[in-house]
Every structure is written in C-alpha cells, then in structure tokens.
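Engineer: Now for the letters of each chain:
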Amino acid sequence: MKQRFNVATAIAYRQTTILLKNPSLFLPPMLFPLLNFTAFAGGLSRLRHVPGFDFHGGYTAFQFVFVLLQSAAFGGVFTGFGIARDFERGFARRLLVSSPKRGGIVFGYALAALIRWIMIAVVLTCVALAVGMKIGGDGVDIFGMYALAVLMNQIGVLWACGVAMRFRTVQAGPLMQTPVFMALFLAPVYVPLHLLRGWIHAVARVNPLTFLLESGRGFIEGSPTQVAMAFGIGLALVACFAIWAFDGLHRAEAAGG
Amino acid sequence: MRVIATQVALIAQRSIIRTFRQPGVWIPPLLFPVMLMAVNSNGLKAATHLPGFPTKSFLDFFLPFSFMQGALFASAIAGTDLARDIDTGFLNRLALTPVRGSALLLGQIGGAVGLGSLQAVVYLGVGLAAGVHIDAGVGGAFLILVLAVLIAVGFGTLGLWLGLRTGSGEGVQAQFPLLFFTLFISSMNLPRNLIEVRWFRDIATLNPVSYFIEALRSLVIEGWNAEALLLGFGLVFGLIAVAMTLAARQLKVRMART
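As they're listed, the protein sequences go chains A and B. Each residue of the first sequence is one higher than the last, beginning at 1 in the working numbering. Each residue of the second sequence is one higher than the last, beginning at 1001 in the working numbering.
In case anyone wonders, no lab produced these hints; they're calculated from the structure. Every residue, glycine too, gets a C-beta built ideally from N, C-alpha and C. Take these hints with a grain of salt, some might be off.
Derived CB-CB ranges, DEER-like [unchecked claim]:
no., chain 1, residue 1, chain 2, residue 2, range
1, B, Ala1129, A, Ile142, 37 to 47 angstroms
2, A, Lys134, B, Ala1130, 30 to 40 angstroms
3, A, Leu235, B, Arg1249, 48 to 58 angstroms
4, B, Leu1206, A, His56, 32 to 42 angstroms
5, A, Lys134, B, Val1242, 37 to 47 angstroms
Generate coordinates for the entire structure from the input sequences, incorporating the hints supplied.
Structural biologist: Spelled out as structure tokens, the structure:
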C-alpha cells in the first residue's frame, strides 16, 4: 500500500512540476474554460428570458456549473495527453520497469489531474464571483457541486488514461477529447432540459452527464435535485473507467511500454 | 513577375500536398465545426423565441460560425507548418535560394487556402442538406464561399506571422485560445442588439470578427445587405493586408537571423 502511495505521489509531483514549468502546457487548459465562461455567461445571458426558463440563480450561475464540470473533465483529458507523451518519450517504459507497484501509476496520474483541475477551478470560481455570480446554495450544497466536479475530473482522466495506455502516442489525442467534448455538449448546456426540442432532447435525456449537470445546477441554486442519481452515476462511471484504465495499464505492460 | 508566380506555385503546391497528406491535420477541421453546428443549432434553438431574434431557424443563424471556426483551424495549420519549416531548417535552406519573401508567404498560405476552400464547400453543403435556406440565392451562396475563403486567407496569414514570430509549433498552438477568444467574444451566438451584458456587447461591436460573421449571416437570413457586406469584405481585406505586412516584416527578421 505504501509503495503504491509512493509511486502515485511521485508521479503526481512530477506531472505538476512539468505543468507549472511549461506555461504553454498550463495556460491553454486554464484559458479554455474561462473563454467558454465569458462567451456563454456574457454573450448568452438573454436566454434567461426565453419562456419556460425556470432557473432562478441567474444565467452566470447556470453556465458556471457547466463550465466547472467541463473544466474538470478536460483537466483529466489534458493529463491523458501527458501520459501519451510519457510513452512517446520512453519515460513510461522506465516507469513501468522501476515501479514496485504499477497500480500506483494510474493513481498518480489521477492525482495529478485532480491537482491540475483544482488550480483551474480556483481561478474560474474567483472570476465567476468577481463578475457577480449569485450562489443560492449553502456550504453543503457547494461542497456537493465541487464533489460532482471531482468525479467528473476522475472520469475524464481515467478515460484518457485508458486510451493513452492503449495507443501510447499523442496522436490519440482526438480520441481522448472528442467523445468527452461531445458527451458534454449533448447535455443541456444553454437552457434547461425541458426547453430542448427534437433529437437533442432525446439524447440529453439519456445522457448520464445530464444528471451531473442538472444536479450541480440544483446545488448552486440552493434546491438540490437528483442528488443520489447524479452521485450514483458519477461513481459508477469512475468505477467503469478505472477498470478501463487499469486494463490499459496491463496492455501497456504486455506491450513492454 | 513570371518567376515569382512560378515560385508561389511551387511553394503552394508543397503546402497543399503537405496539408492533405496528414489526415490528422485536415479531418478534424472538417468534422469538428460540423458537429458543433449540429449540436449548437439544436441546443440554442430556444433563442429563436426571444423577441427580436431575426430568424426562426437557429441553424440558418449559426451557419457562419462553422466558416469562422474553419478559418481559425487554417490559421493554426499555416502557422504550425511554417514553424516546422523553421524548426527543421527548411527555411534556412530556402534562404540560400533565389526565392522571394513575398513568394514564400503567398505560397505558404496555399495549404490553408486549399483546406479553407474545401471546408467552405463542405460546411455549406452540410448546411443546405440540413435545411438551411440562403435568402440571397445562388449568387449569395457563391459569395459566402468567396468570403469564407478570404477569411481563411486572413487568419492563415495571421498564423504565418505567429509561426515566424514564435518559431515553434507549440508557440503557435499556445496562441490558438487567444484567436478563439476573438470568435467567442463576438456576435456568433446572438445578434449584437440582443446581447444583454453591456461590456460584452461593446467588445463584440469593436471586434472585426462580428462583422465577418454578420456579413456571412446577412446573405443567409437577410438577402443582400450592402452595409454588412461592405463591412465584412472591407475588414477581411484589411485583416489580410495587416497580417501580410506583419508576416513580411517578421520574415525579414527571421531571414536576417538565419
């Protein structure tokens, strides 16, 4: 257990150091959610006047939850790029040879993704509060919202980790991010679910990420909704993608890194 | 003049072949905007219920976004390719030949123009197949393609400048979010008069990208709007001129260094 912990913390420390020393790796993932937040919360706030728009926390808070979850998922996906880069440069091969407990490798990357996202979340939250975002929920609600985002972050990194360990090249980048991007945008991004029409409503209704998003919005509004369902789905997805990631690790081991 | 034309043609041919030989370079710029168009045109359909919204179809309204997104990809491709030429020493070797700087810039933009043209045709084709109605008719559709390619040239030239300035593909990619920001903070999602947040509306009004979008959009939902078209075409020629001047200056600096 201790060996696994040591491997995980060493990898997380290395990944975080690389990130902080390379602004070109650190800034784009930081800017992306901020740009989305500016565009959606600033440019689309008139949508709260659409008949039937019943979210009472203001459009800034409505969009903040989406951007927070998006930043969490992409914080994980961008960590997947780092894993693929480690394989391309041969570092992962040395890591596989030298790690006493290889399971710690996946935990290390997951921890690195979490640290990376926390930095983004702090900036994003400060910007949202600075532009006057209203928070209707209490401390427990807000904790619940961030807990959902942590689950989202782990879903993102475990998915990307599984892909990176199977393909072991940065060229698999589109495969890591496109499904996540599509899954996020096939949820009710701009208006509540009941205002969507046509095929996108049908897809959003069965999209698991819709539950996380709607629940997160309930938390920030101060009227929690579908909490058990959202956490259940989130934990189930983490478990599924953990199996996917560890299976990827076994394949990388079999391939010799 | 004939010599320069030959030089441009040779470098452009290389640029186009290089772009289309890498599926990872040209497939995402074709697919990604189409996917976003499909998702956003449905997700934002509720906006058409806002009083004063200019059309009943959000797909008609949103179509120009694809052209703009494609132009930004063109910028990244042109800049990254040129940065790679600097990185691999190709530009150094080229500096030893009689190739003129203007021919190099015009030729390097070839790949972005080729891809921009293909993108424009694909986006328009997908839009028409999905039910977009071009109010300005066949002539308007042709003008949309022309303007879309010009916008791709403008952003592609800007990419060249970034490539020459940074000298690294990673440097160009790092600027990409900033270029994207110009698109996000424009009238891409709502008409300017319906943007509620004042600072956002003011920046969108100052942002030339709003006028590119509005020129394209006017042909789809309004017909022939001379003011929107003059602003759109005028600003895109301005962008090409400014970006070309910046790139030419930077090329001189880069050549002097080598």
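Engineer: Is 30 to 40 angstroms a correct range for the gap between the Cβ atoms of A/Lys134 and B/Ala1130?
Structural biologist: For B/Ala1130 against A/Lys134, whose Cβ atoms are near 38 angstroms apart, the range 30 to 40 angstroms holds.
Engineer: Using the beta carbons of B/Leu1206 and A/His56, state whether their distance is inside 32 to 42 angstroms or not.
Structural biologist: With Cβ atoms ~33 angstroms apart, the hint holds.
Engineer: With 37 to 47 angstroms as the target window, see if A/Lys134 and B/Val1242 comply at their CB atoms.
Structural biologist: Roughly 42 angstroms apart at Cβ, these two residues keep to the hinted range, so it holds.
Engineer: Holds or violated: the 37 to 47 angstroms window for the beta-carbon distance between B/Ala1129 and A/Ile142?
Structural biologist: holds, 45 angstroms
Engineer: Confirm or reject the claim that A/Leu235 and B/Arg1249 have a C-beta distance inside 48 to 58 angstroms.
Structural biologist: holds, 57 angstroms
Checked against the numbered hints given earlier, the structure satisfies every one of them.
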